[in-house]
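Asker: Model the full structure from these sequences, guided by the hints.
Given next are the chains, with one letter for each unit.
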Amino acid sequence: MGQLLKELKETVQKLFEEEKVDLVIGYEKGTLPLRTTPCFIKNSKDAEKLVWNSACENNLAAYIPGMKGKIGIIAKGCDSRSLVGHLKEKQIERENLVIIGIPCHGMLDRKLTDKVLAGREIKDIEEKPEVIVFKGENFEETVAKNELLPDNCKTCSHRNPVLYDILIGEAIEENKDSDEFGKIKEYEAKTSDERWDYFSKQIGKCIRCYACRNACPLCYCKECCVDSSQPQWFGKSIALSDAQVFHIMRAFHVAGRCVDCGACVRACPMEIDLRFLNKKVEKDVRELFDFEAGINLDEPPPLSVFRPDDPEEFIK
Amino acid sequence: MEEGKESPWEPKLITFLCNWCSYAGADLAGVSRIQYPANTRTIRVPCSGRVNILYILKALQHGVDGVLVSGCHPGDCHYLSGNFSARRKFAVLSRLLEYIGIEKGRVQFSWVSAAEAGRFAEVITEVTEDVKKLGPAKRLVKNIG
Ligand code: SF4
Ligand code: SF4
Ligand code: SF4
Ligand code: FES
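As they're listed, the protein sequences go chains A and B.
Oh and the first sequence: position 100 is 100 in this note's numbering, straight run, nothing missing.
Oh and the second sequence: position 111 is 1111 in this note's numbering, straight run, nothing missing.
Note that these hints are calculated values from the structure, not bench results.
Please read these numbers as outputs of a predicted model, since none were measured by experiment.
Among the hints, a few may not be true.
[What the hints assert, rightly or not] Computed from the model, here is a short list of chain B residues facing chain A with C-beta under 7 Å:
no.: 1; residue: Ile1043
no.: 2; residue: Arg1044
no.: 3; residue: Leu1057
no.: 4; residue: Arg1087
no.: 5; residue: Ala1091
no.: 6; residue: Ser1094
no.: 7; residue: Ile1100
no.: 8; residue: Gly1105
no.: 9; residue: Phe1109
no.: 10; residue: Ser1110
no.: 11; residue: Ser1113
no.: 12; residue: Ile1144
We put the CB at the ideal spot given by N, CA and C, even for glycine.
Answerer: Put into structure tokens, the structure is as follows:
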């Protein structure tokens, strides 16, 4: 880890010295252990601030839309896929982007670490390849890292950045036999009533704070259809139906674009299973149009194109 | 009507019909005096590609029992590719709706040309029958309180 961080800092310093970037988006130490916060490095001196650990979960690609100048950005696998999306959707020009890729071993799920810690305060953590050691005033606890990963990281099959200019650290082996749609297949096997109940229970918790939308790198519209009041496309009442329609539309707007980075799930204060929807749409887009988001710069977003022989067995 | 006897429930359907094909097909069915169930309320759209999926969801929210979207056959779209784009959207939507628990058959899609008056009547009859079997829509209907 130390070596990797050193390499990262030197790389960023060099980018500034060679005037290849105006800004680098990375992570710095947060105010608590196990926390990092996105940071915007503007000169080579500030590169010292950078950190890299298993709490760098934020998808920094979310900052890209609307940015001016030459931007350097640190990217895990999923972040690099979001950047591919941004490039395709013309949110930034390739020549204005310097992608500093870092192969990713998975990022800790704060809800799971909180459960393990059960209110105990940690002073420090130590990361080893397979385990995390939490250290507090009177305790030290070692937990297998895999137990602390969210579902999207557990099943992630693109840990290595798919697109980068500079790669820091060694490429890692991809998770080949991950059953990323396993949970979705379980839901699909349930009855319609069960699925409706689950959907309603999950969405019933939604307080419409829109943190999921704000965290998503894809939700970059200047004015979101949900916020529009003239016309008011979306009902704003407390009726379950209004929240459900918002969530169907949200899942739909990320159809063929979502890279399962988990930013929406992490952002949700109500612990709503948003992956239940996102991943289903991802699965269908894969089956129907043979498309995986954020992989190939030359393939247009699947809902913006068509083939004459697209599936249509559902049409009379 | 006899005292104490309620009229049997009849479903309410919204049909989004493309101006250039299905709407004209419906028109032709009308002038040809072809009978079909009167459960539908038609909304004319310039192309099936004009149908935002939010329209379908809103119709369900407002309590219709079934939705049909009908456009030109592939290759016949007045705007060349509107129905091709729509087909991709609808493919994703129909799977997603079924997944969240909206009964299969509540929301349907068809291709009907301007000449297919008989087919238009058949499609409407089938969709109406399907929705009748499903009963009144309850899911996604907006209820406050
Ligand atoms: S989804 Fe993959 S690349 Fe992204 S944080 Fe998890 S393991 Fe890393
Ligand atoms: S919908 Fe969620 S998981 Fe998908 S790209 Fe957006 S934030 Fe990431
Ligand atoms: S973050 Fe959670 S509570 Fe907030 S709008 Fe999204 S799903 Fe609802
Ligand atoms: S004009 Fe009829 S579907 Fe496009």
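Asker: Flag every earlier hint the structure violates by its number, smallest first.
Answerer: 1, 2, 8 and 11
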